[in-house]
Amino acid sequence: MSAPVRTTTVHQRSSRVAAWNPAKLFSPRNIVVLVILVAVLAFAPTALGAYWTRIFTVCTIFSIAAAGIALLYGRLGLVSLGQVSLIGVGGWITLRVGHATSLPFEVVLIIAAVGTGAIGVLVGLPALRLSGLNLAIVTLMLAGAFEVIFTVTGFPNGGDGFLGRAEGGVLQQPLARPALGTSDPDYFRYVIIVATLMFLVIGLHLSNRPGRAWAAIRQSEAGALAAGIGTVRYRLWALAVVSATTGVAGGLLAGNAGLLDPISFKAPASILLFATVLIGGAFSLLGALIAGFLSQGLPPLLNALGVDGNLIFVLLGVGMIQAITTAPQGIAGQLQGLGRLIRVRVAGVRETRRTGRTPR
Amino acid sequence: MTGTLVVEDLTVVYGGVKPLNDVSLTFERDVCGLIGPNGAGKTTFFNVLSGFAVPAAGTLTFDGDDLLAMNAAKRARWGMRRTFQQEQVIHGLSAWDNVRLTAEHTGGRRSAVDDAIAFVELEALDRPGSELSMLERRLVEIAKTVVGAPKLVLLDEPGAGLDQAETERLIGLIRRIPGEFGALVILVDHDMDLVSTVCGTTAVLDFGRVIGIGGTADVLASAAVRSAYLGTADVEEPA
Amino acid sequence: MILPFVVAGVVLGSLYALSGVGMLVLYRTTGVLNFGYGALGAMSAMLAWQFVELRMQPVLAYVLGIIVATALSLLFGFLAGPFLATVTTLTKATATLGLALILLGVMLFAWNDKARTLRLATDTMGFNLGTRITLTQIICLALATLIVVGTSIYLRRSPTGTSMRALASDRELASMLGIRVRRVELLAWAVSGALGGISGILLSSQTRLEPVFLTFIVIPVLAAVVVGRFQSLVGTLIGGLVIGVVQAVASAFPATSPFSNATPFVVATIVILYLQRRKVVTIEVAR
Chain X
1 MSAPVRTTTV
11 HQRSSRVAAW
21 NPAKLFSPRN
31 IVVLVILVAV
41 LAFAPTALGA
51 YWTRIFTVCT
61 IFSIAAAGIA
71 LLYGRLGLVS
81 LGQVSLIGVG
91 GWITLRVGHA
101 TSLPFEVVLI
111 IAAVGTGAIG
121 VLVGLPALRL
131 SGLNLAIVTL
141 MLAGAFEVIF
151 TVTGFPNGGD
161 GFLGRAEGGV
171 LQQPLARPAL
181 GTSDPDYFRY
191 VIIVATLMFL
201 VIGLHLSNRP
211 GRAWAAIRQS
221 EAGALAAGIG
231 TVRYRLWALA
241 VVSATTGVAG
251 GLLAGNAGLL
261 DPISFKAPAS
271 ILLFATVLIG
281 GAFSLLGALI
291 AGFLSQGLPP
301 LLNALGVDGN
311 LIFVLLGVGM
321 IQAITTAPQG
331 IAGQLQGLGR
341 LIRVRVAGVR
351 ETRRTGRTPR
Chain F
361 MTGTLVVEDL
371 TVVYGGVKPL
381 NDVSLTFERD
391 VCGLIGPNGA
401 GKTTFFNVLS
411 GFAVPAAGTL
421 TFDGDDLLAM
431 NAAKRARWGM
441 RRTFQQEQVI
451 HGLSAWDNVR
461 LTAEHTGGRR
471 SAVDDAIAFV
481 ELEALDRPGS
491 ELSMLERRLV
501 EIAKTVVGAP
511 KLVLLDEPGA
521 GLDQAETERL
531 IGLIRRIPGE
541 FGALVILVDH
551 DMDLVSTVCG
561 TTAVLDFGRV
571 IGIGGTADVL
581 ASAAVRSAYL
591 GTADVEEPA
Chain Z
600 MILPFVVAGV
610 VLGSLYALSG
620 VGMLVLYRTT
630 GVLNFGYGAL
640 GAMSAMLAWQ
650 FVELRMQPVL
660 AYVLGIIVAT
670 ALSLLFGFLA
680 GPFLATVTTL
690 TKATATLGLA
700 LILLGVMLFA
710 WNDKARTLRL
720 ATDTMGFNLG
730 TRITLTQIIC
740 LALATLIVVG
750 TSIYLRRSPT
760 GTSMRALASD
770 RELASMLGIR
780 VRRVELLAWA
790 VSGALGGISG
800 ILLSSQTRLE
810 PVFLTFIVIP
820 VLAAVVVGRF
830 QSLVGTLIGG
840 LVIGVVQAVA
850 SAFPATSPFS
860 NATPFVVATI
870 VILYLQRRKV
880 VTIEVAR
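Residue numbers (my numbering), protein chains in the order written: chain X, 1 to 360; chain F, 361 to 599; chain Z, 600 to 886.
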């Protein structure tokens, strides 16, 4: 097929200024983000009420996984349709280690991150050699296979044996929440802080050496090789980072209720999450936040409005097609466009017309 | 002083055809040209040199280093730089980061990026690759070839899409690469003006074989080369 | 007693293959690998069941179900086709995930995900051959073989088939040769939708009539297409049969039974990795 190929470009911020510049830390953007973060931590649980605080806890957890999908899709052009399975893997490890040891929850989270990262790399090692379409197929099948495995093994609930299952008459035992977040509002804050850390990990990767290498690989494998980039190594590193952060999301999800149900990790869930990333926007972390809300906050919202929850599939399906065809930057891109427009208006600065731009 | 590239008995087989058939040649000084009609095997030659195609037979050595023992990325780290017919400026990165990318994977320092940028006199440093003009893109490509101690620079039609004045600016830069960065430059181009101004030595490929190599003026004047080009009407007479 | 499982596996496999052929015809003509293919079949089966429940003549109900699947496929091809022609294969496939979600949502809204059964009239007819074989099973097998052979001949011999193959290799060139690209593409969407509808009804009678389950039957079907290397109809048939039989036999033993549904993943992964064992870096520029 030799038809012209449309691609979207994402502009990485240039970091030509000296590597560590304290002034950069206090850029207007970072200050705004920081203020919002503090405000959310302080007031959100009260403002949202008990029910929506619980919902937004889960939304935030899923936005970590969404950020991983966005990294793979937006920066490397890889479609992974099995990311919810990786949340399940992280959750399984957390429950298993949490029940077996008396380690603090934070240590268990780190173990879940390392374990999920390792599994992601192990699975990805052969799959990363695949071209785009094949990788999408393999990850979709993987989602199907993990669905089967989780149904068979179940999630550890305080029982004996490797699988840690308490069956029959034995009472199942939820995993205790971390000491810093035993109540719902505190766990919400806990999740927000961990998610911020995960976003920082991903963001720092994107704006530094790995991010540049990924941008090169996405655009042209040959060009990347000619620049001396070990393409396999960088792809695997991307997968390791994404799997590890997704594993942390799984750990947080396990810590939330203390128990997990295989029914939450079926293949359609992975596809839905992927759709929400496209709709939210795969090129920014704001998009990942929106995706987290669309996947976990929209169904209860529709429910509250009296709309059948199944229509979420229709809504996200339409939204996904719309995003692919007309809004490749997603909602986040449109919001950022709007923000830029407002800034330009406010400052009264007219965008200087750029010269020397080639028509294409 | 630039190094010496020695190619011996190089043969490439794709299915039943041989885009390169028993090619032996030596490029040893400054800027060398490689010309030939369409389909002569020029790009295949570059692909073999830079590690994107594997030859069926033959050896490639540069000052005694065995190039075939390295893969494409390793060759880049060793000091191989190449451009493609279609420029490869990365849209999502600024012009500066485009050059920096090559530097950080080939052992170039931060100052090397500044030097390369200064060398090509590029001004639009913070603009994303997608917004650069064709000239700016070609300049970024040249800058990428001179960071991180290059030894061998392969330029595949570096002036494609540029007008006369822009091409001349590019010619000036290419001529300075061997002296200022110590790299041997090999240039593939259809533009005979460009080749005859820039290249001291030129080799001619036709149907995958070398049909002439030597001083550029002599080679362009030779009978074999002229007959190879007879079928292609768009080639200008050398000045 | 493994024979009943083998028979069930062969039948299931032939249905995977039948679906796979529909998927392949579309992929080879338009470059679209339709992840929503299972959902089209599910829709056709659910509608057929609904019509039968409403006391419609069964045959008429099946035909209506198939017609709706064909129409939906055609509609998606009509609306999205012009856009899909301009994007990469991966984006084309990704867009069809949207189709899958929409159809799935509509089905869950209309019917929920309760297990139902679609009884075909041919289920009660049959004969004994060591194990009981129903007429439906015979029809599945015969239809799959017939369609694979028929489609192969059609693609090779008929003018439309030639156009389809021309499109598959170079869309622009085909249009310059005077092939009415759009019409051929829409034909492929229709044929593919019809095959999806037929196999959806048959699959629901052999497995379960559940929207989610039938939508994700696209996974073994994809696996069959992968075995056919995205081009060979016969390879797809063989792939479907192998996956069906392995899956059914695996479900016969308590130790492997829970994992039998992971068969397509295992088979397809092995095949994909085998096909990709020598990776060639192509020098191309995507923009």
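Any given hint could turn out to be false.
[Said to hold, decoys possible] Okay, the calculated bits of chain F under chain X, using three or more residues with CB under 8 Å as the criterion:
1. 405 to 419
2. 445 to 454
3. 536 to 547
It is worth saying that the hints were derived from the structure and are not from the lab.
On a predicted model such as this, the values are computed, not experimentally measured, just so you know.
We put the CB at the ideal spot given by N, CA and C, even for glycine.
Hint-by-hint comparison with the structure:
Residues of the region 405 to 419 of chain F lying with their CB closer than 8 Å to a CB of chain X number 3, which satisfies the three-residue condition for coverage. By the rule of at least three residues with a Cβ nearer than 8 Å to a Cβ of chain X, the coverage given for the region 445 to 454 of chain F holds, with 6 such residues. Given as covered by chain X, the region 536 to 547 of chain F fails the check, having 0 residues with a CB less than 8 Å from a CB of that chain where 3 are the minimum.
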